[in-house]
Amino acid sequence: MSSHPEVRLEGHELAALYERYAYLVHRRCLALLGSRSDADDALQETFLRVRRYPPASLPDSPLAWLYTIAQNCCFDLLKRRGREVPSGEEAPLPEPSVGSGQDADRRAVLGAAIRKLDAATREIGLLHHLGGLTQEEVAEATRLSRKTVGKKLHLFEVLVGNYFSLGER
Amino acid sequence: MEDLVPDRPQRGPDCPSTLTLEALFARERVSPETAAHAQGCTECSGYLRRLQTGQGAFLAARPFERFERQLDRAEAAKGQRRFGLWAKVLALPAVALCALAVVQVAHPRGEDAVRIKGEALHVYFERAGAAPEPVTPDLLLRAGDRLRFAYAAPSPGWITILDKDGTGQVSVFYPFHAQGGAPIQAGSADPLPGTIALDDARGPEWLVAVFSPQPIDVSSLKTQLARTPAGGTPSLRCGGCRISALRIQKP
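Line order of the protein sequences matches chains R and U.
The first sequence begins at 1 in my numbering and counts up one residue at a time.
The second sequence begins at 1 in my numbering and counts up one residue at a time.
It is possible that part of the hints are untrue.
Computed list of chain R residues with no C-beta within reach of chain U, every gap over 10 Å [unchecked claim]:
{"id": "1", "residue": "S57"}
{"id": "2", "residue": "R115"}
{"id": "3", "residue": "A119"}
{"id": "4", "residue": "R122"}
{"id": "5", "residue": "L144"}
{"id": "6", "residue": "S145"}
{"id": "7", "residue": "K147"}
{"id": "8", "residue": "K151"}
{"id": "9", "residue": "L153"}
{"id": "10", "residue": "H154"}
{"id": "11", "residue": "L155"}
{"id": "12", "residue": "V158"}
{"id": "13", "residue": "L159"}
Derived Cβ-Cβ restraints for the label pairs, each shown as a range [claimed, not checked]:
{"id": "14", "chain 1": "U", "residue 1": "R237", "chain 2": "R", "residue 2": "S145", "range": "56 to 64 Å"}
{"id": "15", "chain 1": "R", "residue 1": "A119", "chain 2": "U", "residue 2": "E65", "range": "33 to 41 Å"}
{"id": "16", "chain 1": "U", "residue 1": "D14", "chain 2": "R", "residue 2": "V158", "range": "30 to 38 Å"}
{"id": "17", "chain 1": "R", "residue 1": "K151", "chain 2": "U", "residue 2": "G56", "range": "36 to 44 Å"}
{"id": "18", "chain 1": "U", "residue 1": "S155", "chain 2": "R", "residue 2": "A119", "range": "45 to 53 Å"}
{"id": "19", "chain 1": "R", "residue 1": "K116", "chain 2": "U", "residue 2": "S31", "range": "35 to 43 Å"}
{"id": "20", "chain 1": "R", "residue 1": "D60", "chain 2": "U", "residue 2": "A36", "range": "17 to 25 Å"}
{"id": "21", "chain 1": "R", "residue 1": "S145", "chain 2": "U", "residue 2": "Q169", "range": "39 to 47 Å"}
{"id": "22", "chain 1": "R", "residue 1": "K116", "chain 2": "U", "residue 2": "P156", "range": "54 to 62 Å"}
{"id": "23", "chain 1": "R", "residue 1": "A120", "chain 2": "U", "residue 2": "R237", "range": "47 to 55 Å"}
{"id": "24", "chain 1": "R", "residue 1": "D60", "chain 2": "U", "residue 2": "Q249", "range": "27 to 35 Å"}
{"id": "25", "chain 1": "R", "residue 1": "L58", "chain 2": "U", "residue 2": "D72", "range": "16 to 24 Å"}
{"id": "26", "chain 1": "R", "residue 1": "A120", "chain 2": "U", "residue 2": "E43", "range": "26 to 34 Å"}
{"id": "27", "chain 1": "U", "residue 1": "F58", "chain 2": "R", "residue 2": "W65", "range": "15 to 23 Å"}
No lab work stands behind these hints, which were simulated from the structure alone.
Cβ coordinates follow ideal geometry from the N, Cα and C atoms, glycine included.
One chain only, chain U, in its complex shape (with noise of 0.2 Å):
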C-alpha cells in the first residue's frame, strides 16, 4: 500500500509520543525536557523535519487565500442546500407546522391593532452539520443548538423575538443590536437574518415574538417579561401588538 503519510519515528523509552511532536512542531508548550529531548534525539529531530519539510509542501501548494476561497464556495453550496430546505419546509402549510401558539394578544381600545391575519412565527433549529427542523412547543433542545425564525406577515409592521431562559434571564434574540424592533415587510417568509446559539441555562425557556405597527419599546417588555413569574406563561402588554409565545425544554 502507497505510503502516503511520513514515517512516524520510532520511540524510545526517553521520547515522547508522536502527538506531543507534532504539537511541539506547531509552536504549543510543551515541557523544556520534551524540547530539549526533541533536539537532540535522531529519531525525534528527523521527524520535525520531515515535518517541516512536509508542510512548506503542503502550504505551497495549498495557500490559504486559495483555500479560503475553497471554504466560501463550499460554504455557498451549503447555504444553497440548507436554505432549499429551509423552503421547502416553509412551504408547508402552516398547520402543518408546530409553530407558535398564541397566547396573548393585546387590543387595546382605541389604539391602532397590528391587523394581521395568519401571520405566523416559524423557528428551526440546527446542529452542526445536520439539516435544519421546526421547533416544536416543548421540544428538548441543547446548549449550542442554532435558532433561526422566519415569519410571513400579510402587513407591514416592526418585529423583536424575545427570550427568557430557565435561569430567568431575558434576552433579546432578534434584531440583536437594533432598539425598537426591526421592520417587517408583508408577504415574505425568508428567514430572519443571523442565528442564535443557545447557551447552556438550563429548563424551560420562552421564545416570545412581538409584532405592532410602529417601533417597539423593547426594554419595556423586557422588564415585563422578566417579571413574569417562573414557570408562568409570559404576558406582555404593548398597545397594539400581537405576541406569540412558544416554550422549548433545555434539561
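Isolated chain R, as found in the complex (with noise of 0.2 Å):
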C-alpha cells in the first residue's frame, strides 16, 4: 500500500503516552517559554500533532521524540507571538527586561533569537542547557564534531543564553 488513511491516536494508547509523559513535556515547555499559560498551550499543540500524525510505531525513545515536537510547538509559538523582524533587516536584539516580569518581551526577544538559530545549533542547545549532556554526549547524539559542538554551543549562549539562566553555571 503506498499511502494510508487518516489514523488517529486515541484513547488508551494517548491517555499512556500522557500519564508518562505530560509533565516532564510541560516541564520543557516551561522551561522554553517561561509562562504557565504558553506552556499549556505548547503542550496541548504537542498532543494535538502527536494524535493527529502518529509513527507507525512508538520511537525507541518516546520522551526525546515527545521533546522535539514540544520544542518546534514553542518556537512555533514564539514566532507567532513574537515582534517580527523585517526579513533584510539584521535588527539588533533588545536587551531582556531584568528580572524577567516581562513575558511579552522576553518571548519576543527568544522568538528574536530562535529565529536566527538553524536547527542544528537549537538542538545542540536545548541538549546541553536543558537536558544536561556534556559536549562529547552531545556529539555523540547529533553525530557532529566536537568542534562544531562547541562552536555552535557558542553561537546559542551568545544569542539567548541569558533566557536559561546560563550565568548561573
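Since each chain comes alone in its own frame, lean on the hints to assemble the complex.
Shown next, in the form of C-alpha cells:
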C-alpha cells in the first residue's frame, strides 16, 4: 500500500503517553517559554500533533521524540507571538528586561534569537542546557564533531544565554 | 526571575545527564549501571523524587479525561478554521484553481454516459500546522503530506480516486475501504471525508479520478492503471465514465 488513510492515536494509547510524559513535556515547554499559560498551549499542541500524526510505531525513546515535537511547538508559538524582524533587516536584539517580569518582552526577544539559529544549533543548545548533556555526549547524539558542537554551542549561548540562566552554571 | 522549573541536579562525574534521568523517570530503558547509580546518588535520586512529586501534582490538576476534552475542543476549533479555509478555496472560480486536466473521456456508443458538465475534482495538500493549499500539475510534494479531495458534480453518480506512484504501485485513495466507488450527490462541493498521507515513493505520481453513473469496477481500473506504461498518461476504459488525472512529483 503506497499511502494510508488518516490514522489517529486515540483513547488508551494517548492516555498512556499522557500519564508517562505530559508532565516532563510541560516542564520542557515551561523552561523554553517561561509562562505557564504558554506552556499549557504548547503541551496541548504537542499532543494534538501526536494524536493527529502518530508514527507507525513508537520510537525507542518516546521522551526524546516528544521533546522534539514540543520544542517545535514552542518555537512556533514564539514566532507567532514575538515581534517580527522585517526581512532583510538585521535588527539588533533588544536587551531583556531585568528580572524578566515582562513575559511578552522575554518571549519576543527569545523568539527573535531563536529565529536567528538554525535547527542544529537549537538542538545542540537545548541538549546541553536543558538536557544536561556534556559536549561529548551532544556530539555523539547529533553525530557532529566535538569542534562543531563547541562552535554552535557558543553561538547559542551568545544569543539566548540570558534566558536559561546560564550565568548560574 | 521566578524559578518555574524544579532545580536540575548538580551533575557529578559519574552522574547521567538530566535527559537520561528523565528517561529513567518515564520508565524508559536505561543501562543497569545508570539505574543503580541513580538510586544510590543523592543528587540523582533527589531529582527523581522531585519529579515524582511534581508529576503527582500535575496529573491531579490536569487529569487526562479533561485534557482530552480540551484537545477535542482545540481540534474542533482548528477544523472550523481549516474548513473555513477550504470553503474559501472552493469558492474561487474553478478556472482560478489548478484542478485536474481531463485527459480522457470514455463515452462508448450505446452506453449511458455520465452527463456531467463542469464537474471538477480538486486536490489539496496540507502539512502539519499549515493551511491547506491546492495541488497544481507537477507540484512537488513529499512523504507525509496529506491529500484531501473535493468535487462538485452536477449529476449524481459514483466516484473513485486511484493513485499510481513512482514505483508503479496502484492504490485506491478514495473510498479507502469500499468496493465499487462511493456515491456522490449533485451540487455538493464539500471535501470528501478523510485524508491520505503520501509515502516516500519517489518520482511522478498520478492521481486519477473516475466518475461513473453506476458503481465502479475498481479492480479492473486498478489493473488497467498498473499496465499503463511508466511515465505515460493514464489510459483507462470504463463504460460511461469520465476520467480526470493529475500528476504530482515526489523527488
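Checked hints:
no.: 1; hint: S57; result: 15 Å, holds
no.: 2; hint: R115; result: 16 Å, holds
no.: 3; hint: A119; result: 15 Å, holds
no.: 4; hint: R122; result: 15 Å, holds
no.: 5; hint: L144; result: 17 Å, holds
no.: 6; hint: S145; result: 19 Å, holds
no.: 7; hint: K147; result: 21 Å, holds
no.: 8; hint: K151; result: 21 Å, holds
no.: 9; hint: L153; result: 15 Å, holds
no.: 10; hint: H154; result: 20 Å, holds
no.: 11; hint: L155; result: 21 Å, holds
no.: 12; hint: V158; result: 20 Å, holds
no.: 13; hint: L159; result: 18 Å, holds
no.: 14; hint: U:R237 with R:S145: 56 to 64 Å; result: 60 Å, holds
no.: 15; hint: R:A119 with U:E65: 33 to 41 Å; result: 35 Å, holds
no.: 16; hint: U:D14 with R:V158: 30 to 38 Å; result: 31 Å, holds
no.: 17; hint: R:K151 with U:G56: 36 to 44 Å; result: 41 Å, holds
no.: 18; hint: U:S155 with R:A119: 45 to 53 Å; result: 50 Å, holds
no.: 19; hint: R:K116 with U:S31: 35 to 43 Å; result: 37 Å, holds
no.: 20; hint: R:D60 with U:A36: 17 to 25 Å; result: 21 Å, holds
no.: 21; hint: R:S145 with U:Q169: 39 to 47 Å; result: 41 Å, holds
no.: 22; hint: R:K116 with U:P156: 54 to 62 Å; result: 56 Å, holds
no.: 23; hint: R:A120 with U:R237: 47 to 55 Å; result: 53 Å, holds
no.: 24; hint: R:D60 with U:Q249: 27 to 35 Å; result: 33 Å, holds
no.: 25; hint: R:L58 with U:D72: 16 to 24 Å; result: 22 Å, holds
no.: 26; hint: R:A120 with U:E43: 26 to 34 Å; result: 30 Å, holds
no.: 27; hint: U:F58 with R:W65: 15 to 23 Å; result: 20 Å, holds
Hint check: no violations occur; every hint is consistent with the structure.
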